[in-house]
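Position chain F relative to chain B; hints supplied.
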Amino acid sequence: MSTKVRRVYGYLAEFENASQLYKAAEKVRDAGFKKWDCYSPYPIHGLDDAMGLKRSILPYFVFVGGVVGFLTAIALAYTTQVGLYPTVVQGKPANIFTTAAFFPVMFELTILFSGFTVFFGLLGLIGLPRWNHPIFASKQFLRVTDDKFFIAIEARDAKFSAESTKTLLDDIGGDNIELVEDDSE
Amino acid sequence: MSEATTQSETNMNTVKIPVLEREQLILNKRSYHWITERICGVVEGRQPFLWWILFIPSALVALVGVVGGLTYLVSTGVGVWGNTNRVMWGWPIVNFVFWIGIGHAGTLISAILFLTRQNWRTSINRAAEAMTIFAVMCAGIFPAFHVGRVWMAWFLAPIPNSNAVWQNFKSPLLWDVFAVSTYFTVSLIFWFLGMVPDLATIRDRCKPGIRKFLYGIFSLGWRGGNRQWSHYEMAYLLLAALSTPLVLSVHSVVSFDFATSVVPGWHTTIFPPYFVAGAIFGGFAMVLTIMIPARALYGLHDMITMKHIDNMAKIILLTGTIVGYAYLMELFIAFYSGAKYEIAAFTFRGMGPYGWAYTAMMSCNVLSPQIFWFKRMRENLWVVMAVAMCVNIGMWFERFVIIVTTLARMWLPGDWKTYSPSSVDILTFVGTIGMFLALFLLFLRFLPCINIAEVKWTLKESDAHDEDKKAHPDDGVELIAAYQYELHENPEGAAREAGTEMKPSAAVTK
Numbered sequence: 001m002s003t004k005v006r007r008v009y010g011y012l013a014e015f016e017n018a019s020q021l022y023k024a025a026e027k028v029r030d031a032g033f034k035k036w037d038c039y040s041p042y043p044i045h046g047l048d049d050a051m052g053l054k055r056s057i058l059p060y061f062v063f064v065g066g067v068v069g070f071l072t073a074i075a076l077a078y079t080t081q082v083g084l085y086p087t088v089v090q091g092k093p094a095n096i097f098t099t100a101a102f103f104p105v106m107f108e109l110t111i112l113f114s115g116f117t118v119f120f121g122l123l124g125l126i127g128l129p130r131w132n133h134p135i136f137a138s139k140q141f142l143r144v145t146d147d148k149f150f151i152a153i154e155a156r157d158a159k160f161s162a163e164s165t166k167t168l169l170d171d172i173g174g175d176n177i178e179l180v181e182d183d184s185e
Numbered sequence: 001m002s003e004a005t006t007q008s009e010t011n012m013n014t015v016k017i018p019v020l021e022r023e024q025l026i027l028n029k030r031s032y033h034w035i036t037e038r039i040c041g042v043v044e045g046r047q048p049f050l051w052w053i054l055f056i057p058s059a060l061v062a063l064v065g066v067v068g069g070l071t072y073l074v075s076t077g078v079g080v081w082g083n084t085n086r087v088m089w090g091w092p093i094v095n096f097v098f099w100i101g102i103g104h105a106g107t108l109i110s111a112i113l114f115l116t117r118q119n120w121r122t123s124i125n126r127a128a129e130a131m132t133i134f135a136v137m138c139a140g141i142f143p144a145f146h147v148g149r150v151w152m153a154w155f156l157a158p159i160p161n162s163n164a165v166w167q168n169f170k171s172p173l174l175w176d177v178f179a180v181s182t183y184f185t186v187s188l189i190f191w192f193l194g195m196v197p198d199l200a201t202i203r204d205r206c207k208p209g210i211r212k213f214l215y216g217i218f219s220l221g222w223r224g225g226n227r228q229w230s231h232y233e234m235a236y237l238l239l240a241a242l243s244t245p246l247v248l249s250v251h252s253v254v255s256f257d258f259a260t261s262v263v264p265g266w267h268t269t270i271f272p273p274y275f276v277a278g279a280i281f282g283g284f285a286m287v288l289t290i291m292i293p294a295r296a297l298y299g300l301h302d303m304i305t306m307k308h309i310d311n312m313a314k315i316i317l318l319t320g321t322i323v324g325y326a327y328l329m330e331l332f333i334a335f336y337s338g339a340k341y342e343i344a345a346f347t348f349r350g351m352g353p354y355g356w357a358y359t360a361m362m363s364c365n366v367l368s369p370q371i372f373w374f375k376r377m378r379e380n381l382w383v384v385m386a387v388a389m390c391v392n393i394g395m396w397f398e399r400f401v402i403i404v405t406t407l408a409r410m411w412l413p414g415d416w417k418t419y420s421p422s423s424v425d426i427l428t429f430v431g432t433i434g435m436f437l438a439l440f441l442l443f444l445r446f447l448p449c450i451n452i453a454e455v456k457w458t459l460k461e462s463d464a465h466d467e468d469k470k471a472h473p474d475d476g477v478e479l480i481a482a483y484q485y486e487l488h489e490n491p492e493g494a495a496r497e498a499g500t501e502m503k504p505s506a507a508v509t510k
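Protein sequence lines correspond, in order, to chains B and F.
Take the first sequence: its letters are residues 1 to 185, numbered as in my numbering.
Take the second sequence: its letters are residues 1 to 510, numbered as in my numbering.
Derived by calculation from the structure, the hints in this document are not laboratory data.
Please note: incorrect hints may appear among the correct ones.
Each computed EDC-like pair below joins lysine to aspartate or glutamate, with the alpha-carbon atoms no more than 20 Å apart [what the hints assert, rightly or not]:
#1 F:Lys207 to B:Asp147
#2 B:Lys23 to F:Asp466
#3 F:Lys460 to B:Glu16
#4 F:Lys29 to B:Glu16
#5 B:Lys23 to F:Asp468
#6 F:Lys469 to F:Glu23
#7 B:Lys23 to B:Asp147
#8 B:Lys27 to B:Asp48
#9 B:Lys34 to B:Asp49
#10 B:Lys23 to F:Glu461
#11 B:Lys27 to F:Asp466
#12 B:Lys92 to F:Asp257
Pulled from the structure, derived: some chain B residues nowhere near chain F, Cβ distances all over 10 Å [stated by the list, open to error]:
#13 Arg6
#14 Arg7
#15 Ala31
#16 Gly32
#17 Phe33
#18 Val89
#19 Ile96
#20 Ala101
#21 Ala137
#22 Ala155
#23 Ile177
#24 Leu179
Owing to the predicted nature of the structure, the values given are computational and were not obtained by experimental measurement.
C-beta: ideal position from N, C-alpha, C; glycine also.
Isolated chain B, as found in the complex (with noise of 0.2 Å):
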């Protein structure tokens, strides 16, 4: 006989709107609740400050990628044209008064590695891509992304407990209030 370890990831509760989840959100966050998140098909606005998120830091690694790639251009540029291949084309000499020929790879390269930033910074935030998560248990959870609108509080944070947290996304509207199990093992 096999034993399965099962994980209690945390408790799901649906609501039935937007709005609903917005309060529910100003709840939740009250109740000092650190590890969850609210759950919808399309991003809803104000929901940030609902659950006491910060701004998303992804702008300063996009500027520092920007002046990477900046700074790429105009080592590209003067070591190839002014370092090792040098030549008098167009009436324009090789060296610093070139700068202005150099302009449009300056532009191109900062903007390619703002977008590369952009995207690698973005995957690296949300932790994505992963194979699996837990929450993907839920059946009712796979209309997250057609027309459902969830909050999943997770049991490893401080404040969870079996009971009482049932008791609060009932308290806050919640339906459908499901254990939701890790039953990737």
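Here is chain F on its own, set in the frame of chain B:
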């Protein structure tokens, strides 16, 4: 007195209640689930017969024109494109500029309209971005192969090589390499990132199997949590902010290929804005050309409404008029400069052996969109389609006029020649049209053609404060009631607010 009273009553009847709500972007009060069903249904259901009717010929044309034509070119030599003198060199460049310009509307819709909060973009941005990607792919074929030995195309990139030779960074042709490759990469990231939540929607609807696995891979494990959305929205905003200057720069750089040369007819400072406006103009025409049939094919009328088509027609009118201004300004400056070579170049364009191409360009690009001044014309899909086709043709001729007529009369009379494309030239160009359509049809078949998440976001009930607003006395029906109360108690004020002047006599009677 009685007459005056009647007048006042008439006035009260004519005072119109102002429009209280914006025109809905999604018609018939569709629900979230309906939107999901309808868009995913395109991917999940069997394709309509017409899809096959369009796809098979397009794919065959692409196979013969692009795969066959290019195989023949590579195995024989670039001479089959007739690139034996400088005039014949024009064809690949005409097609390159034509296709790259098409892509610009996609980025404009996805980036610039996003930054300016034009919510109507949500219904068309996905397909327009797909169009961008495919158009840039078609565009890339021409410069890559016209270099002669395509297996040496990597010489375009700044990679150390055994000759210790480096590219000329002062050349607009190298700027082009950077601009176009950056444009393609960033557009691809933008398109893919925008699609991740929608791929997750399809994934969650699939039965377990290979389809679910593949959509799962490409949706990256998206869960739709607000901790993801929060960063995602920021990433989307940043990409829009990066793409906006990028799209303006790409066609500017393309125009530098011409503008920085010392050739009459090319050496003008108006080229960058003129090329960008032309690109957006041609791109919107292509969006309409492919979206109107797709809308009819899959019954997307509630999401791509007449308002969307109307807005696009207006943009075509605007950019077409800008392009017309640029054409006339070019002529004026040629005359006003007094430079005889400049004057000769433009006289040759308009009245030389290529005068027919110039006329085609002028009538298709400048005159045909003017019909969009009339609302009735913007509402007639046949007229819209006809104008869009005119613009597609006209924009191709614009590049033909700019490139070929100028090259045909360069400084040295020894270079002069009358242009004629070779059969392989034509084959390859037609092939790219087939390739573009085939790729677009495959896109409709396998990927969500409308941005599901963003369309849901434009619905009224998607607002987190929707219920509070409903409860507020100023919303909807209650607002009308409040206004009608105002209308009866204070008709003068109500009339002023509504913008309808009341006759003084009526006011006095009251």
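Is the nearest Cβ of chain F still more than 10 Å from the Cβ of B:Arg6? 20 Å, holds
Check on B:Ala101 being off the interface with chain F, judged by Cβ distance over 10 Å: Contrary to the label, B:Ala101 does not stay out of reach of chain F, its closest Cβ about 4 Å off (not over 10 Å).
Reported absence of B:Ile177 from the contact zone with chain F (all CB gaps over 10 Å): 18 Å, holds
Does B:Lys92 pair with F:Asp257 here, judged by a C-alpha cut-off of 20 Å? 16 Å, holds
Take a quick look at B:Val89 and tell me if its Cβ sits farther than 10 Å from every Cβ on chain F, holds or violated. 6 Å, violated
Please verify whether F:Lys29 and B:Glu16 have alpha carbons no more than 20 Å apart. 18 Å, holds
Was B:Leu179 rightly flagged as not at the interface, with every chain F Cβ beyond 10 Å? The claim holds: B:Leu179 sits with its nearest Cβ about 18 Å from chain F, beyond 10 Å.
Run the distance test for F:Lys207 versus B:Asp147: straight-line Cα separation, threshold 20 Å. This hinted pair holds, its Cα atoms lying about 18 Å apart.
Checking one constraint from the list: CA of F:Lys460 to CA of B:Glu16, max 20 Å. Satisfied? Cα-Cα ~15 Å, so holds.
Is the straight-line distance between the alpha-carbon of B:Lys27 and that of B:Asp48 20 Å or less? 13 Å, holds
No chain F beta carbon within 10 Å of B:Ala137's: At about 12 Å from chain F, B:Ala137 clears the 10 Å cut-off, so the statement holds.
Quickly compare the C-alpha distance for B:Lys23 and F:Asp466 to 20 Å and report which way the hint goes. Holds, at about 12 Å.
In summary, the structure is inconsistent with hints 18 and 20 from the numbered list given earlier, while agreeing with the others.
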